[in-house]
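Student: Chains as they are written, first to last, in the working numbering: chain A, 1 to 552; chain B, 553 to 832.
Keep in mind that the hints were calculated from the coordinates and are not lab data. Careful, some of the hints might be misleading.
Derived pair list, reagent style EDC-like, types lysine to aspartate or glutamate, alpha-carbon separation capped at 20 Å [said to hold, decoys possible]:
#1 Lys468/A x Asp526/A
#2 Lys275/A x Asp775/B
#3 Lys283/A x Asp602/B
#4 Lys113/A x Asp57/A
#5 Lys283/A x Glu346/A
#6 Lys693/B x Asp147/A
#7 Lys693/B x Glu334/A
#8 Lys275/A x Glu346/A
#9 Lys169/A x Asp147/A
#10 Lys283/A x Glu598/B
#11 Lys275/A x Asp611/B
#12 Lys275/A x Asp612/B
#13 Lys283/A x Asp611/B
#14 Lys693/B x Asp325/A
#15 Lys113/A x Asp134/A
#16 Lys275/A x Asp602/B
Remember, it's a predicted structure, so these values are computed and weren't measured experimentally.
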Amino acid sequence: MASPPDVIFTARLIRTANPARPIAHAIAIREGRVLAVGSLDECKEWGIENIDTRFADKILTAGFVEAHAHSMSGMYNTIPYVGWFGRHMPDGTWVDGIRSTHDLIMRLQSIAKSTPSGQSIIVAGFDPIYMDSDRLDRFDLDEASSDHPIFVFHASAHLATVNSYLLNKYDITSATTAPGVGCRADGEPSGELREPAAMALAQEEFRFIGRTVTSQETFSHFGSAMRNAGITTVADLGNLFHLSEESRTSLAQMTSDPQFPIRLVSTSRITGGVKEAHETVPKVLASRQHEHDKLFFPIVKLILDGSIQGFTAVLQWPGYFTGEDHGLFLTAPEQVVDMLRPFHQEKIGIHCHCNGDATSEVFINAIETLLAEYSWLDHRHTITHAQLITPAQMRRARNLGMVANFFVNHMFFWGDQHRHTTVGPDRAQHLNPCATADRIGLNYSIHTDAPVTPPGHLHTMWAAVNRKTPSGVVLGESEQISIDRAFHAATIDAAYQLHLDHVVGSLEVGKYADMTVLDDDPYEVDSLAICDISVWGTVLGGIPQPRPTPTS
Amino acid sequence: MNSITTSSIPVHVIGGYLGSGKTTLLNALLSSSEEPIAVIVNDFGEVNIDAALISAQHDDVIELTNGCICCAVGTSLADVLFTILDREHLPSLIVIEASGVADPAAVVAYTHMAGLHNAGTVVLIDSVAAMTTLNDIYVGKVFVRQIVSADLLALTKCDIATSEAQNDIRVMLGTFAPSTPIVLCSPDVLSTILHVSSPNVKPDNHHLVFTSQILERARFVDDEDIRATLENLPSTVVRAKGIVDIENGERRLVQMVGQHLSIAFTPLAATGIITISVEI
Chain A
1 MASPPDVIFT
11 ARLIRTANPA
21 RPIAHAIAIR
31 EGRVLAVGSL
41 DECKEWGIEN
51 IDTRFADKIL
61 TAGFVEAHAH
71 SMSGMYNTIP
81 YVGWFGRHMP
91 DGTWVDGIRS
101 THDLIMRLQS
111 IAKSTPSGQS
121 IIVAGFDPIY
131 MDSDRLDRFD
141 LDEASSDHPI
151 FVFHASAHLA
161 TVNSYLLNKY
171 DITSATTAPG
181 VGCRADGEPS
191 GELREPAAMA
201 LAQEEFRFIG
211 RTVTSQETFS
221 HFGSAMRNAG
231 ITTVADLGNL
241 FHLSEESRTS
251 LAQMTSDPQF
261 PIRLVSTSRI
271 TGGVKEAHET
281 VPKVLASRQH
291 EHDKLFFPIV
301 KLILDGSIQG
311 FTAVLQWPGY
321 FTGEDHGLFL
331 TAPEQVVDML
341 RPFHQEKIGI
351 HCHCNGDATS
361 EVFINAIETL
371 LAEYSWLDHR
381 HTITHAQLIT
391 PAQMRRARNL
401 GMVANFFVNH
411 MFFWGDQHRH
421 TTVGPDRAQH
431 LNPCATADRI
441 GLNYSIHTDA
451 PVTPPGHLHT
461 MWAAVNRKTP
471 SGVVLGESEQ
481 ISIDRAFHAA
491 TIDAAYQLHL
501 DHVVGSLEVG
511 KYADMTVLDD
521 DPYEVDSLAI
531 CDISVWGTVL
541 GGIPQPRPTP
551 TS
Chain B
553 MNSITTSSIP
563 VHVIGGYLGS
573 GKTTLLNALL
583 SSSEEPIAVI
593 VNDFGEVNID
603 AALISAQHDD
613 VIELTNGCIC
623 CAVGTSLADV
633 LFTILDREHL
643 PSLIVIEASG
653 VADPAAVVAY
663 THMAGLHNAG
673 TVVLIDSVAA
683 MTTLNDIYVG
693 KVFVRQIVSA
703 DLLALTKCDI
713 ATSEAQNDIR
723 VMLGTFAPST
733 PIVLCSPDVL
743 STILHVSSPN
753 VKPDNHHLVF
763 TSQILERARF
773 VDDEDIRATL
783 ENLPSTVVRA
793 KGIVDIENGE
803 RRLVQMVGQH
813 LSIAFTPLAA
823 TGIITISVEI
């Protein structure tokens, strides 16, 4: 396939994420890679006459790298999105945020108008945390329609609210003893179905979501959703595409399509036990046969505990601030070393979901043991989420060559909850401790876990710099970081933990010419306005990838 | 309890910490089953079915020549259960392994799915390691949850543990689950108890002796009558299973495991009830 001709892009400013040359005004590109970056004159010394000025008034940055997101982010093309933040759908259309129960009812009513009677209405991404209104219940949804089963899947993915029609469809009544079925004071179901076991009672609707989440359509829209948020490289952290040769081939095909606008780190999730882990390794290695410039398999993922807001993260003393401790390890701590050993020995990087501090302790202990057995010095094993990691743990992690990926968006999305309900006023200020990590010398990135929080690094940078909750409280001034630090966390440091820093993450000669195109400079706007900057789109391998603007 | 008025598949949840014998039990259930059952396991790699018994193996389902299937939980237990319920030929029983660090009650929550009903939870306790596990800073809490979730507690490895140790464990279990029956038996014997085939156990000093009997009554008035009768059986009865006629012409599948009793509609013919008691 013929490469596009050499080109020089100019811009208002280029931020390279390379501290040796942080700023430039032109970038020369050949065969999809950075040929030169600097002043326009310096770039022209390569003899390139094709100068593309379309970005002359834009800010170009090193393409944002997201090391923890999920391909189910693409599901909002199939399932209507009803989240708090307005966002662009994969096809470019803008959907307003749902800010109240009333907004939701209006949206559902308009969907009901074009849905045949009796057919299910399924929407997702609902985020009631900041709403002043009373908790969403069946009667609110009945206002939207009494003619269709309605299933509202919450952004947390652990809760759904349904209407009376649906409750009747599945015979969910005051006599239902299934755990997780929310009840009113009078014993009648409230419409809430908590956790998968209860949500599965709404069999048809729940299965529809399950099928959609793993469909090809969702996968291709995942790429668009990320591009629209300005992301150029993404780790789909925890899928099962490695299982069969068929799915591996299909994945390679889908990602090599020129229409697929991102580079993908496809990450197998380690499931089962020790034997299954051993059987997964050859599958991951077989996957690597399919690698190309938009598909990589450097790492695997293990989920070790739950979530803080769900009270299922495993916490050290003194445990949770209020509420009941439901902390659960998903893998027995005594098995973690044996499960991870085969990956470490084959030089497959490990990203481990650890929300609680007991959990990060278990993972760090395991890596310490594995390193002593087999010295893969450049492993970069990553503690992902790492929300409650302690300074002592961070020092150990640094000594062992580990890195962290902080879930900084939590400070906004659950910040008030953490302060008042889950961990209390002291620990809430040290969640996602970016500045302490800097002081200790532990490298880290920041992530969205999209779709759990919306995709895009403007918000993660905003969250890491400001650490502000919706109620306006700053959670730990001493953990705030500069925009410069946040920008690197969202680019080169994310690439580093994906073992891809030699090809993406900064604009340097020889690396892929991947850039994020912004209307404004995150370094120049007021720090509170970072998340409001508009994303034009991206450039991937030198090819502009604009966010589609719908024609209607 | 909801009356189970349409045909549904009974589900046993098997819990217990690592090393308690769950895998041995599940392997035994699969290979010795005389009915087509579905077993859902956590670690597919641990399943050790005799190759001669395997008729087909896809990525996450093993089909056995005896009509049984073994599935991996993967990432969604709900999806595995849906897949089983979609099959042309439904299993007569589903056994779900709760992972070594899971709270079996969370797995039991899935038995409320349409087409399934809870037929009792068995939790295996490793008599050698139990006290250590109880005191482990990471997993002590979930171990207690496992004990509390059990309808029947099975103490395994009694041929290795001292009788003092066994006694300490029984006392400990009694503090968390005072009314839950405890049996001492190997996973293989437990398999025969769950299947309600005659437990051909040679009595030895370490394990209890079990005897099976046929319940005299095979016809009952209604669900309440069945319930009253079974709840009045001596406490040495740890297991009961069978199909009985009731007055309105329907049949009921009756399953008792420890302190759990389920009575469910079934289209199958009556067989009578077999009970299994511990011999004192």
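Student: Work down the list of hints and note, for each, if the structure agrees.
Tutor: Cross-check of the supplied hints:
Straight-line distance between C-alpha atoms of Lys468/A and Asp526/A comes to about 14 Å, which keeps the hinted pair within the 20 Å bound. The straight-line distance between the Cα atoms of Lys275/A and Asp775/B is roughly 45 Å, outside the 20 Å bound, and the hint therefore fails. A distance of roughly 24 Å separates the Cα atoms of Lys283/A and Asp602/B; the hinted pair therefore is violated under the 20 Å criterion. The suggested pairing of Lys113/A with Asp57/A is violated, with an alpha-carbon distance near 44 Å, which exceeds 20 Å.
A hinted pair counts as satisfied when its Cα atoms are at most 20 Å apart, and Lys283/A with Glu346/A qualifies at roughly 12 Å. Restraint check: the Cα-Cα separation between Lys693/B and Asp147/A comes to about 46 Å, which exceeds 20 Å; the hinted pair is violated. Taking the CA atoms of Lys693/B and Glu334/A, the gap is near 15 Å; set against the 20 Å cutoff, the hint holds. Of the supplied pair hints, the one linking Lys275/A and Glu346/A holds, its CA atoms being roughly 16 Å apart against a limit of 20 Å.
Using a Cα cut-off of 20 Å, the hinted pair Lys169/A and Asp147/A holds, with the two alpha carbons roughly 11 Å apart. About 18 Å separates the Cα atoms of Lys283/A and Glu598/B, which keeps this hinted pair within 20 Å; it holds. Using a Cα cut-off of 20 Å, the hinted pair Lys275/A and Asp611/B holds, with the two alpha carbons roughly 15 Å apart. A hinted pair counts as satisfied when its Cα atoms are at most 20 Å apart, and Lys275/A with Asp612/B qualifies at roughly 14 Å.
Between Lys283/A and Asp611/B the alpha-carbon distance is near 12 Å, which keeps this suggested pair within the 20 Å criterion. Annotation: proposed proximity of Lys693/B to Asp325/A holds, straight-line Cα distance about 10 Å (limit 20 Å). Of the pairs offered as hints, the one joining Lys113/A and Asp134/A is violated, with about 26 Å between alpha carbons and a cut-off of 20 Å exceeded. Between the alpha carbons of Lys275/A and Asp602/B the distance comes to roughly 17 Å, so the proposed pair stays at or under 20 Å and holds.
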